[in-house]
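Colleague: Model the full assembly from the supplied sequences, consistent with the hints where possible.
Here is what each chain is made of, one letter per residue.
2 protein chains.
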Amino acid sequence: MKKVTMADVAKLANVSKSTVSQYLNKRYEYMSEETRKRIARAIEELGYQPNIIARSLKQKTTMTIGVIVFNILHMLTTQVLHAIEEACQERGFHVIVSNSDDDPEKERKYIEMLRAKQVDGLIIFPTGKNADVYQKMVEERFPLVFIDRMVPGVKADAILLDNQKAAALAVEYFAERGYKRIGVVAPPPVSHIIPRMERIEGFRQALAKKGLPIVDDYFITTEIPYIQNELARLFASGRLPEALFAINDLTLMEVLYFIKGNHIKIPDELAIISIDDVPFAHVYTPTLTTIAQPTFAMGKKAAERLFLQIAKKSEHQPQIFRFSPTFIERGSAKEKNVIRKREVT
Amino acid sequence: MKKVTMADVAKLANVSKSTVSQYLNKRYEYMSEETRKRIARAIEELGYQPNIIARSLKQKTTMTIGVIVFNILHMLTTQVLHAIEEACQERGFHVIVSNSDDDPEKERKYIEMLRAKQVDGLIIFPTGKNADVYQKMVEERFPLVFIDRMVPGVKADAILLDNQKAAALAVEYFAERGYKRIGVVAPPPVSHIIPRMERIEGFRQALAKKGLPIVDDYFITTEIPYIQNELARLFASGRLPEALFAINDLTLMEVLYFIKGNHIKIPDELAIISIDDVPFAHVYTPTLTTIAQPTFAMGKKAAERLFLQIAKKSEHQPQIFRFSPTFIERGSAKEKNVIRKREVT
DNA sequence: TTGTAAGCGTTATCAG
DNA sequence: CTGATAACGCTTACAA
Numbered sequence: 009m010k011k012v013t014m015a016d017v018a019k020l021a022n023v024s025k026s027t028v029s030q031y032l033n034k035r036y037e038y039m040s041e042e043t044r045k046r047i048a049r050a051i052e053e054l055g056y057q058p059n060i061i062a063r064s065l066k067q068k069t070t071m072t073i074g075v076i077v078f079n080i081l082h083m084l085t086t087q088v089l090h091a092i093e094e095a096c097q098e099r100g101f102h103v104i105v106s107n108s109d110d111d112p113e114k115e116r117k118y119i120e121m122l123r124a125k126q127v128d129g130l131i132i133f134p135t136g137k138n139a140d141v142y143q144k145m146v147e148e149r150f151p152l153v154f155i156d157r158m159v160p161g162v163k164a165d166a167i168l169l170d171n172q173k174a175a176a177l178a179v180e181y182f183a184e185r186g187y188k189r190i191g192v193v194a195p196p197p198v199s200h201i202i203p204r205m206e207r208i209e210g211f212r213q214a215l216a217k218k219g220l221p222i223v224d225d226y227f228i229t230t231e232i233p234y235i236q237n238e239l240a241r242l243f244a245s246g247r248l249p250e251a252l253f254a255i256n257d258l259t260l261m262e263v264l265y266f267i268k269g270n271h272i273k274i275p276d277e278l279a280i281i282s283i284d285d286v287p288f289a290h291v292y293t294p295t296l297t298t299i300a301q302p303t304f305a306m307g308k309k310a311a312e313r314l315f316l317q318i319a320k321k322s323e324h325q326p327q328i329f330r331f332s333p334t335f336i337e338r339g340s341a342k343e344k345n346v347i348r349k350r351e352v353t
Numbered sequence: 009m010k011k012v013t014m015a016d017v018a019k020l021a022n023v024s025k026s027t028v029s030q031y032l033n034k035r036y037e038y039m040s041e042e043t044r045k046r047i048a049r050a051i052e053e054l055g056y057q058p059n060i061i062a063r064s065l066k067q068k069t070t071m072t073i074g075v076i077v078f079n080i081l082h083m084l085t086t087q088v089l090h091a092i093e094e095a096c097q098e099r100g101f102h103v104i105v106s107n108s109d110d111d112p113e114k115e116r117k118y119i120e121m122l123r124a125k126q127v128d129g130l131i132i133f134p135t136g137k138n139a140d141v142y143q144k145m146v147e148e149r150f151p152l153v154f155i156d157r158m159v160p161g162v163k164a165d166a167i168l169l170d171n172q173k174a175a176a177l178a179v180e181y182f183a184e185r186g187y188k189r190i191g192v193v194a195p196p197p198v199s200h201i202i203p204r205m206e207r208i209e210g211f212r213q214a215l216a217k218k219g220l221p222i223v224d225d226y227f228i229t230t231e232i233p234y235i236q237n238e239l240a241r242l243f244a245s246g247r248l249p250e251a252l253f254a255i256n257d258l259t260l261m262e263v264l265y266f267i268k269g270n271h272i273k274i275p276d277e278l279a280i281i282s283i284d285d286v287p288f289a290h291v292y293t294p295t296l297t298t299i300a301q302p303t304f305a306m307g308k309k310a311a312e313r314l315f316l317q318i319a320k321k322s323e324h325q326p327q328i329f330r331f332s333p334t335f336i337e338r339g340s341a342k343e344k345n346v347i348r349k350r351e352v353t
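Here the protein sequences line up with chains L and F, keeping their order.
Counting with the working numbering, you get residues 9 to 353 for the letters of the first sequence.
Counting with the working numbering, you get residues 9 to 353 for the letters of the second sequence.
Source of the hints: derived by calculation from the structure; they are not laboratory data.
Any given hint might turn out to be false.
As the list claims (entries may be wrong) - Pairs of lysine-lysine residues, derived as DSS-like cross-links and limited to a Cα-Cα distance of at most 27 angstroms, are as follows:
1. F:Lys68 to L:Lys19
2. L:Lys114 to L:Lys308
3. F:Lys144 to L:Lys45
4. F:Lys163 to L:Lys11
Said to hold, decoys possible - Example chain L residues on the side facing chain F (calculated, C-beta under 8 angstroms, incomplete):
5. Gln30
6. Ile80
7. Arg123
8. Lys125
Stated by the list, open to error - Which residues of chain F face chain L? A few of them, derived with a C-beta cut under 8 angstroms, are:
9. His90
10. Val105
11. Asn107
12. Leu258
13. Met261
14. Leu264
15. His290
16. Thr293
Just so you know, even glycine gets a beta-carbon here, dropped at the ideal spot from N, CA and C.
Modeller: What follows is the structure, encoded as structure tokens:
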């Protein structure tokens, strides 16, 4: 498959490459109707397709951005990706998606590769463990925005949920309905995963603020695969809380699985609120009360901030954006201690 | 932000660009220990990063493939994308993801753009409406594989579910358990969306084969937003079937929503089987009997076939791969007409 | 209004 | 073992 190049078109149309180039870049203002047509015909005839790689080399811009996610199967990821893709589409950008699998090594390698490929900017759901690499990028003024997680000390744009508020929303809702023994389910808090810390800490503080007991046993913070065990142990000992706050969709799934396996009734025996408005929340029985992240808005904002940086690399003031969660009241948490008839919610 | 190039490294190391190039491509066989070290040091010192764009221009290969999906929020898409990404990762390829939104125009534009960007191949979840464009690619021997849907007349690799079998699996399961009035829920059958046709037709044929009545009213084939209405109309008229086959995750959600709104009992009043093993199938009440697509295997296969084509463009025999669905028996369809105690499944 | 020629940062082909 | 030198396909001054 002989690639046809600009030179071929030029030859056929009897003009020079530069004229063809002008044509392609729609600068036909100073071009005779005549030549324009000849070029158009030549292009048509040869089935010419410009080679953007060559152009990129010259222009030093690829109209491509990279997105590195740490968990491509996470619901938040999918939705944010969707928003980013859409925003890019509008501006003629393309998106290279890479999955770091929450492995800092992989993440580092991807950043390097993507930059070698000359992407115009990077949106990262950071593992949090490559502060040096991130820092280098901001020093070089390479367009960068973090999303979902941020990295302390690295002065870059970050798009985050107001995690503390999300936790408070859950606790307050429970508290106002008479729940006292409230637990949280999360992966282990580790210092470089900020949202996790904020959600767990926010939960603790909200509890304190409401004057509710803080019981260590009710902090189920262990890796996803062990959550079942932990929950089972509590249950067996008869010390299960009355309400549970699941800090994301993955932990929610574990909680639901546990509940199902043990024939526990929601919300009567155990009330549930989770962050992330899972797609089946409204068809589940009972319907699930959740705290939604504005995923679409977040993705869009991330893209916008990136474009801003790309447009004027120099004086960009990095900023942290906290998005407010939305409380979606459904049926998995209700007034406590009220006898009601059995109903489908 | 002066980009440091190979020339800079060469100068600092006191060698020529070609030598540096050799070094970068790990051809140090014929290189003195001495120069190698000098180059390494120079690279280190300058923080040199190769520019892959330049290399691509020369080598005519970008180590990048494009994936065009028609619905980025569909569960199948997410999972297949994950598999593709992983396969690419292993071979050092990158993936540009684009969403055609099932709009042929957009799809066409994307194909063009991506090819202009010199991607080494394309994996497409086709809208089905751009036969001419697809055809041109196969004629040019441009690496291409279709997934999920295929395009009649276009001789390209296609990775598909055995849709007929999937439908038969559902019908047989229902039939063997005494269900007679079985319906299907799907978007409208249109000739260019093959899996839809195959699933609906497969359903019809399986019904015939089992000697079950084929009732027009039980073919609920309308756009997603109208499914509720359609279902409601049937329900109001008292002619709701005993069992429903949902042809994908999106239609399943509609069915579940309807059921929930009308307090219908699964499986006693209405049994359900769907294609796509939704993530909440095992925590739903009752648990959901589904027909899973081997999404991961399909994505992997798609990538493999594409790499095969990329490796030896010339003699590639296009092939259609039919993947067998897996029946996952859970609780949303049971023996019919048997009184059982109420149980949590 | 159009052509010439010099890059862009690599790789590849040959000499040396 | 190393170095010139010519591509790769396009853009962009600068001429004409």
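Colleague: It remains to establish, for every hint, whether it holds in the given structure.
Modeller: Here's how the hints hold up against the structure:
no.	hint	in the structure
1	F:Lys68 to L:Lys19	holds, 23 angstroms
2	L:Lys114 to L:Lys308	holds, 26 angstroms
3	F:Lys144 to L:Lys45	holds, 25 angstroms
4	F:Lys163 to L:Lys11	holds, 22 angstroms
5	Gln30	violated, 18 angstroms
6	Ile80	holds, 5 angstroms
7	Arg123	holds, 6 angstroms
8	Lys125	holds, 5 angstroms
9	His90	holds, 5 angstroms
10	Val105	holds, 5 angstroms
11	Asn107	holds, 5 angstroms
12	Leu258	violated, 10 angstroms
13	Met261	holds, 7 angstroms
14	Leu264	holds, 4 angstroms
15	His290	holds, 7 angstroms
16	Thr293	holds, 5 angstroms
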